[in-house]
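Visitor: Please dock the two separately framed chains into a single complex, following the hints provided.
Taken in order, these protein sequences are the chains called A and B.
So the first sequence is numbered by the working numbering: it starts at 602 and just counts up by one.
So the second sequence is numbered by the working numbering: it starts at 536 and just counts up by one.
I should point out that these hints are in silico values taken from the structure, not numbers from a laboratory.
Ideal Cβ positions, reconstructed from N, Cα and C, are used throughout, including at glycine.
Pulled a few chain A residues facing chain B out of the computed Cβ check, cut under 8 Å:
1. S632
2. S634
3. L644
4. F646
5. E649
6. L691
7. S695
8. E703
9. L704
10. F706
11. G707
12. E708
13. G709
If you want the building blocks of each chain, they are given just below.
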Amino acid sequence: KAGVTQTPRYLIKTRGQQVTLSCSPISGHRSVSWYQQTPGQGLQFLFEYFSETQRNKGNFPGRFSGRQFSNSRSEMNVSTLELGDSALYLCASSSRISNTGELFFGEGSRLTVL
Amino acid sequence: DQQVKQNSPSLSVQEGRISILNCDYTNSMFDYFLWYKKYPAEGPTFLISISSIKDKNEDGRFTVFLNKSAKHLSLHIVPSQPGDSAVYFCAASEDSARQLTFGSGTQLTVLP
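Bound conformation, chain B alone (with noise of 0.2 Å):
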């Protein structure tokens, strides 16, 4: 049973666009977001992160934002570089506890 899915595999965007990458979610007990990149033979680095009591996170070109009744997130890229060519996991969090639950991935490529 996937708690938290991302239903796209892939990805492919032109640079300067936006990308928007998307994730759902089971378990309303999750009550934290987070976004990790990952590149090849590296271990996943920590993008951004929401919690539950918000809608909307931003930190430079990056955004996530949150749809609790819906249960999902999406994470915008805005505008699009080829250097953000990877793969996209979104992890959900119970009581802030340490344990994540991570979705599949999605491989993003950006198109110079």
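Chain A on its own, in the form it takes in the complex (with noise of 0.2 Å):
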């Protein structure tokens, strides 16, 4: 069974450009989560996506978005980079079965903001 797969896994954008990532679930899960890791915040919720719709939304500006396609795929999109936007985005997703919150990560997308 493949994991969660995240593209791209490291790219270099400069401060004011956006940037889309992407992320394709386990096979079968329909819950899709983004998280940002920063060494000084740790990992940090940004949203959750179940059946195309964000159920749940961290504590982030609204630069940060993301969608849920109908194939469960989710991207997360960031407008108007900043430095501090310099980060590893995790995705993970879940069957939403389970109530045990369980998440399989993915190896993220590091992203290094110029």
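Guide: Pasting the structure below:
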């Protein structure tokens, strides 16, 4: 069973640009969550999508957005990039059948903003 | 305001001994707690979890203890192996939601 796949793995952008990251969940998983990992803040929840609808949203500005497609694949977008957006962006999927909260993470997309 | 805290950024243990990783939380609404392990250049992988209705859950070498009155949980690894060297994150969720609140992580180093 293939795991969570994130693309691209690494990317470099400059301030003011925008970026789109992609996530393919484990087959059969309909819930996709996004997390930001930085050295100073650790892992922070961005948002969760289920059945193409955003179910939860973390405390991030409106520059951070996402969407989910009918095949459960998800994208997140960050507009008007700032230096502080440099981070590892992790996507996680779950089946939502179990109520354990267990998430399966991808390897992440490492974004560097110059 | 950190709702989940891991106060020890690092821990070194000799191979074969017990590793104890600690985690404190402040939100009494948390009802599910998880531990994740993360190797460099990889995403976190699920290790073990515990529901708030239990005080102990065991899976092989890994045991998680939950003390609700103290809002404290710990992960015990016995015996520790060099392959256990990784960053361990404690996480918690409310109402079994998919939104996890993570601690800052503890780097465990198991010395051969």
